[in-house]
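Student: Given these sequences and hints, build the entire structure.
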Amino acid sequence: DAGVIQSPRHEVTEMGQEVTLRCKPISGHDYLFWYRQTMMRGLELLIYFNNNVPIDDSGMPEDRFSAKMPNASFSTLKIQPSEPRDSAVYFCASNRGGGHEQYFGPGTRLTVT
Amino acid sequence: SQQGEEDPQALSIQEGENATMNCSYKTSINNLQWYRQNSGRGLVHLILIRSNEREKHSGRLRVTLDTSKKSSSLLITASRAADTASYFCATDENSGYALNFGKGTSLLVTP
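Going line by line, the protein sequences match chains B and C.
Everything in the first sequence is counted per the numbering used here, starting at 13 for the first residue and increasing by one.
Everything in the second sequence is counted per the numbering used here, starting at 1446 for the first residue and increasing by one.
You may find that some hints are simply not true.
Derived contacts from chain B toward chain C, CB cut-off under 8 Å, selection only [said to hold, decoys possible]:
#	residue
1	H41
2	L57
3	A84
4	F86
5	F103
6	E113
7	G117
8	P118
Calculated directly from the structure, the hints in this document are not laboratory data.
Virtual Cβ for every residue (Gly too), placed ideally from N, Cα, C.
Tutor: Okay, here's the thing in structure tokens:
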């Protein structure tokens, strides 16, 4: 298995632009998680899905952030409009459920200027 | 919200020495996990210990869990330069699905 795949690996955009981050989880994993990592706040859970349904989005910072999972093999995290404080590394992870290890993708480094 | 908090924030040792990192948490858990992150990479799972376990081993790794003190420790024995990374503990919410990560311990192992 190729592991969790994220794209793009790096994204540089200007403030106000729309940003879409993509994730392909490991086949057979029912849970998908989106995290954001910054030096100041560490690793924060933004949202997670079970069987393509959002379960907890309480970590989504603002309405500018939205996430979808149209099918079991694809998820997107969208920021519209983007702001400089959104600059961070965004990770996607997947697993088979509670009590199991999470498998992380390589992350997308987002820079908003 | 952050639940697991690692200590120390940074640790520098020489190859061959043991490295011990600690993690404290606040609420009840079903399990606690340790992850490693190399610079510029994603997190990699190291070991999971359940709330009814007190100690677990995996190769050069030893993890202990004290639920009465709400704390865990990760011991890396005979460290190598390749062990240089950040180490995070993660605890599950009561639901058992979401994980809360600490801010990590940055370990530097010098040859």
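Student: Take the hints in turn and mark each one as holding or not.
Tutor: Hint check results:
{"no.": "1", "hint": "H41", "result": "violated (12 Å)"}
{"no.": "2", "hint": "L57", "result": "holds (6 Å)"}
{"no.": "3", "hint": "A84", "result": "violated (17 Å)"}
{"no.": "4", "hint": "F86", "result": "violated (18 Å)"}
{"no.": "5", "hint": "F103", "result": "holds (6 Å)"}
{"no.": "6", "hint": "E113", "result": "holds (4 Å)"}
{"no.": "7", "hint": "G117", "result": "holds (6 Å)"}
{"no.": "8", "hint": "P118", "result": "holds (5 Å)"}
Comparing the model with each numbered hint stated earlier shows that hints 1, 3, 4 do not hold.
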